[in-house]
Structures are given as structure tokens and as C-alpha cells.
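Undergrad: Okay, here's what each chain looks like letter by letter:
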Amino acid sequence: MTSFTPFASLAGGALIGLAAVLLMTLAGRVFGATGVLTGAFLPTGPGDRGWRLALLAGMVTAPLLWRLFAGAMPALSVPVGPLALAIGGLLVGVGVTLGGGCTSGHGVCGMARLSPRSIVATLTFLATAIVTVYVIRHVIGVQP
Amino acid sequence: MKLVATYLIGLVFGLGIALSGMINPAKVLNFFDIAGTWDPSLAFVMGGALIVTAIGYRLAFRRGRPVLDRTFHLPKASAIDARLVGGSMIFGLGWGIAGFCPGGALPALGTGRGEVLLFVAALVAGILVTRAVLDRRAAAPRRA
Numbered sequence: 001m002t003s004f005t006p007f008a009s010l011a012g013g014a015l016i017g018l019a020a021v022l023l024m025t026l027a028g029r030v031f032g033a034t035g036v037l038t039g040a041f042l043p044t045g046p047g048d049r050g051w052r053l054a055l056l057a058g059m060v061t062a063p064l065l066w067r068l069f070a071g072a073m074p075a076l077s078v079p080v081g082p083l084a085l086a087i088g089g090l091l092v093g094v095g096v097t098l099g100g101g102c103t104s105g106h107g108v109c110g111m112a113r114l115s116p117r118s119i120v121a122t123l124t125f126l127a128t129a130i131v132t133v134y135v136i137r138h139v140i141g142v143q144p
Numbered sequence: 145m146k147l148v149a150t151y152l153i154g155l156v157f158g159l160g161i162a163l164s165g166m167i168n169p170a171k172v173l174n175f176f177d178i179a180g181t182w183d184p185s186l187a188f189v190m191g192g193a194l195i196v197t198a199i200g201y202r203l204a205f206r207r208g209r210p211v212l213d214r215t216f217h218l219p220k221a222s223a224i225d226a227r228l229v230g231g232s233m234i235f236g237l238g239w240g241i242a243g244f245c246p247g248g249a250l251p252a253l254g255t256g257r258g259e260v261l262l263f264v265a266a267l268v269a270g271i272l273v274t275r276a277v278l279d280r281r282a283a284a285p286r287r288a
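Chains as they are written, first to last, in my numbering: chain Y, 1 to 144; chain V, 145 to 288.
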């Protein structure tokens, strides 16, 4: 059970949007976690890796800044085992590469531009995740 | 200048992921579990992010060019094809199994939890293997 947090989630979403807007306004780049991560390993040209690594560094150090002010790390509980994490991680990596983006790239940046590709992708991965969790928890019966 | 700016943008994104609850797989999986322990919070994350991004992008594009670059780098792909839909389905399957998406997992790395490291390692492996296969296919001459 996790509690319903509409205000924190709305404010957190607004911060995610703010980051996407700032990255576009300053650097002219889409804030897709998949694209940023992929390009950090496989940069498209000279000078393409630095900003990605800086962005990733900011993302990864955010929980530390959070702890500085909140006194504890942000709530994070993983209700699945290591095998599910490994298989899930592989599938996510394959899927976002084939599909050209994830929740941030398609779901936020692409949807905000009303890109038909991103709308189709977002509806597809959300629907598939809902069906997947339904099958795991209510058909197979694996409860967290 | 650009690196400091992108670092701070990554930090804003990561704080948004933490505050919104997207950093927490238990919360993400409960968002998908409509028939069970449903937690609708993450719809508010998407809502907040989309409102801010849709308005902010309009203002950014009105400037004609980004502040620190010559042009906006927008995705050029427009095809709605089997690869987009299939890839998004595979992503949704993995997301439903593990509870992490790339944008949620990267900031979560900062908590220092081993589970996150395992997911991200599998994610990167999935991305790099898929990229290698796609690039090899694109480079190989088509067989008749």
C-alpha cells in the first residue's frame, strides 16, 4: 500500500516539466532519460557527451540534496526480487531503444509537442504496464 | 557555463522525480494496479509535467533558437510503425515487471541502493545490445 499524494506528485511533475523546459530553452534538447543515457555511452559527435554527463550527474545527486534538507533519502521500496529487476531492466532497455523513448521523452516532451508518435508510444507503454501488473498480481497471483 | 546549467537542470529533474514519487517502484506499480492497491498519484505527475512543458515549450520555440546553441534538436522520426508500437510494448512489459522506468531509476541511483544499480546495469545492457543490433542492420546491405 502506498498513500495517495496528489499535491506532492503534481508539484514533482511540475519540477520535471520545468527541467524539460529549461533544457529546451537553454540547450535546445529534449529531456528524454533514454536519449540522454544512450548518448552518454554513444555520443553523436564531438562535444555531445559533456552536457549529457552533467545532466546525469545532476539527476543522480538529487537524492543527496534531498537528504540534506529532508534529513532522509526519498522513500523508495522495491517490491520485486533481483531476477525481476534484471529481466525488467533488460526489457526496458530493449523497448525504449526500439520505441525511441520512454516516459520522459515520449510521455512528457513528445506529448507536450503533440507528437502523434509520442502519443501512440505513451498510450502503448502505459496500457502494457497496466496489463502486465494485472497479469502478475491478479492472474498469476504474485502479490508484493 | 553549459555544463553547470545542465547539471542544475538534472538536479531539478531528479528532485521532481523524488518529490513526485516516480523514484519509488512500489508507488509506480500501485499506479498500474488498477484492480488492486491502486494509487492514482502518478497521473498527477504526468499532468503537472505536461502542463508546464506544453506552456514552456511554446515560449521556448517562440525565441527561435536556444540560448546556448544555434538550433533546437528535435526528434526527426515521424513514422508510427511496428517498431514504435512493439518497442513501447516491450518497455511497458519491463516497466510492469520491475517498476522502474529510465527517468525514475537514474535519480534513484543516488540513494545508493543495490537494487537500483542492478536495474540500471540491465537497462544499459539492453540499450547497448539493441543499439548494436540496429546499427549493424542499418549498415548491412539489404538481402533480396
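Hints should not be assumed to be uniformly reliable.
Subject to a maximum C-alpha distance of 20 angstroms in a straight line, what follows is the list of computed SDA-like cross-link-like pairs (lysine to any residue) [what the hints assert, rightly or not]:
1. V:146 <-> Y:28
2. V:220 <-> Y:113
3. V:146 <-> Y:113
4. V:146 <-> V:212
5. V:146 <-> Y:54
6. V:220 <-> V:209
7. V:220 <-> Y:43
8. V:220 <-> Y:39
9. V:220 <-> V:208
10. V:146 <-> V:208
11. V:220 <-> Y:1
Here are a few chain V residues that face chain Y, going by a calculated C-beta distance under 7 angstroms [claimed, not checked]:
12. 176
13. 200
14. 277
Chain V is nowhere near these chain Y residues, computed Cβ spacing over 10 angstroms in every case [what the hints assert, rightly or not]:
15. 43
16. 46
17. 71
Bear in mind the hints are in silico, worked out from the structure with no lab data behind them.
No residue lacks a Cβ here, since even glycine has one placed at the ideal position from N, Cα and C.
Undergrad: Against this structure, judge whether each hint is valid.
TA: Going through the hints against the structure:
1. V:146 <-> Y:28: holds (11 angstroms)
2. V:220 <-> Y:113: holds (13 angstroms)
3. V:146 <-> Y:113: violated (24 angstroms)
4. V:146 <-> V:212: Holds - the C-alpha atoms of residue 212 of chain V and residue 146 of chain V are around 7 angstroms apart, at most 20 angstroms.
5. V:146 <-> Y:54: holds (9 angstroms)
6. V:220 <-> V:209: holds (17 angstroms)
7. V:220 <-> Y:43: Holds, because 17 angstroms separates the two Cα atoms, which is no more than 20 angstroms.
8. V:220 <-> Y:39: holds (16 angstroms)
9. V:220 <-> V:208: holds (18 angstroms)
10. V:146 <-> V:208: Satisfied, since the Cα-Cα distance of roughly 19 angstroms is no more than 20 angstroms.
11. V:220 <-> Y:1: Measuring from Cα to Cα gives roughly 41 angstroms; hence the hint is violated.
12. 176: Nearest chain Y Cβ about 4 angstroms off; hint holds.
13. 200: holds (3 angstroms)
14. 277: violated (9 angstroms)
15. 43: holds (12 angstroms)
16. 46: Residue 46 of chain Y clear of chain V: closest Cβ-Cβ about 14 angstroms, beyond 10 angstroms.
17. 71: Holds, since 14 angstroms exceeds 10 angstroms.
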